[in-house]
Amino acid sequence: MRGPEAIINLSHLKTNYDTVKNHLNGKRIMAVVKANGYGHGSIPCSIALENHGCDFFGVFSIEEGIELRNAGLKSDILVFSALDPTTINDAVKNNLILNISDKSHLDTLIIFYKRKSKVPRIHIKVDTGMTRLGLEIDEFKEVLQLLIENPEIKCEGIYSHFATADEGDLSYAFEQEKKFKFILNLADQLDYQVNDIHFSNSGAALNIDQSYCNITRVGMLLYGALPSNEIQTSLFVQPVMNFVAPIVSIRSVAKNTYVSYGGVYKTNSKTNIAVIQCGFADGLPRSWFKNGYIYYNGKQYRIAGRICMDQFMVDFGDDIPKIDDKVLMIGKDGNNEIRFETIANSIQTTPYVLSTAIGGRTQRIYHG
7 MRGPEAIINL
17 SHLKTNYDTV
27 KNHLNGKRIM
37 AVVKANGYGH
47 GSIPCSIALE
57 NHGCDFFGVF
67 SIEEGIELRN
77 AGLKSDILVF
87 SALDPTTIND
97 AVKNNLILNI
107 SDKSHLDTLI
117 IFYKRKSKVP
127 RIHIKVDTGM
137 TRLGLEIDEF
147 KEVLQLLIEN
157 PEIKCEGIYS
167 HFATADEGDL
177 SYAFEQEKKF
187 KFILNLADQL
197 DYQVNDIHFS
207 NSGAALNIDQ
217 SYCNITRVGM
227 LLYGALPSNE
237 IQTSLFVQPV
247 MNFVAPIVSI
257 RSVAKNTYVS
267 YGGVYKTNSK
277 TNIAVIQCGF
287 ADGLPRSWFK
297 NGYIYYNGKQ
307 YRIAGRICMD
317 QFMVDFGDDI
327 PKIDDKVLMI
337 GKDGNNEIRF
347 ETIANSIQTT
357 PYVLSTAIGG
367 RTQRIYHG
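For the sequence shown, the numbering used here assigns the number 7 to the initial residue and increments by one for each residue that follows.
Do not take every clue at face value.
Claimed, not checked - Label pairs and their calculated CB-CB ranges:
id	residue 1	residue 2	range
1	S293	H373	28 to 36 Å
2	L196	K296	55 to 63 Å
3	G268	H373	17 to 25 Å
Just so you know, these hints were derived from the structure itself, not from any lab.
From the three backbone atoms N, C-alpha and C, an ideal C-beta is built for every residue, glycine too.
Start from the sequences, fold in the hints, and give me the full structure.
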């Protein structure tokens, strides 16, 4: 079936990994591959990165972690979601690291150990200001005491998550950092040692010193996009995905012809309107029609009217494209580029929302 394609350049992914690692002076990177590798395909991307030297991966769910294990991944895998008691056995079996973000999670593991004489690997997450998952700061000391009393459960890492590290004003991020350092100091006072300390996401990796951490979590930067337009950096990452789709129809229409739903686009003159087989069900955002464009044969053409569920239209003017030729919707072709950041800034969303939405009937093709 004709339809959209996400062409994934694994060479660019590995180059971005090297670029970020060099920026971090060789610090260990946890490659975040949750949500199907931010829409890029978690298994091929993880295998490529592991073969390139990455030895730590972050996923959201137990199922995502098991999927990577079944694909042959040997590296450490941290599961970010709240602990689910029904999946502890699977975590042990697949050597997955679980997230302890509530005292009740630790209580559950103590009971599990007493019954099974085995226990999963764990990291403790502390809430320093995201108000999402994580131990309260005043709860952390109690949890550490409980770990000391139950040495069969060994915590390997302590981490938290920035809420505003990709914004221009970093004052709140620095407040979070103070709380995190307080937590680490508490652990030192109790002489509780962990192997892994991590706080940074892609935003913090670019603009907040993390010398006291030995791991940096990196997601969007690996896939070739900056987390937000408020980050000022000279670091260059290459887009990993080219999102393309075929031309399936072309017709000549008269001046003042309305195109697509709502009649919001009207031709200014006689022109050629092409139908592209990709829609918002495949991940092209519907609201991009207002300022949206594509590239074809090195030229830019405007999206004509609202993007439909399965298709959208493009105004080619006097040019006549060929049926089955592909247009570039996101990515880079020679000197022509449409970045996730460009669309995100135009429609007031984020590169994360855009990349993870690419799916539907989209076929992923890998090279490099």
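Q: Go ahead and decide if the range 28 to 36 Å is satisfied by the Cβ distance of S293 to H373.
A: holds, 31 Å
Q: Please test the hint of 17 to 25 Å on the beta carbon pair from G268 and H373.
A: violated, 39 Å
**Q.** Distance restraint hint 55 to 63 Å, applied to the beta-carbon atoms of L196 and K296
**A.** At 56 Å between Cβs, range holds.
Hint 3 from the list above is the single one not met by this structure.
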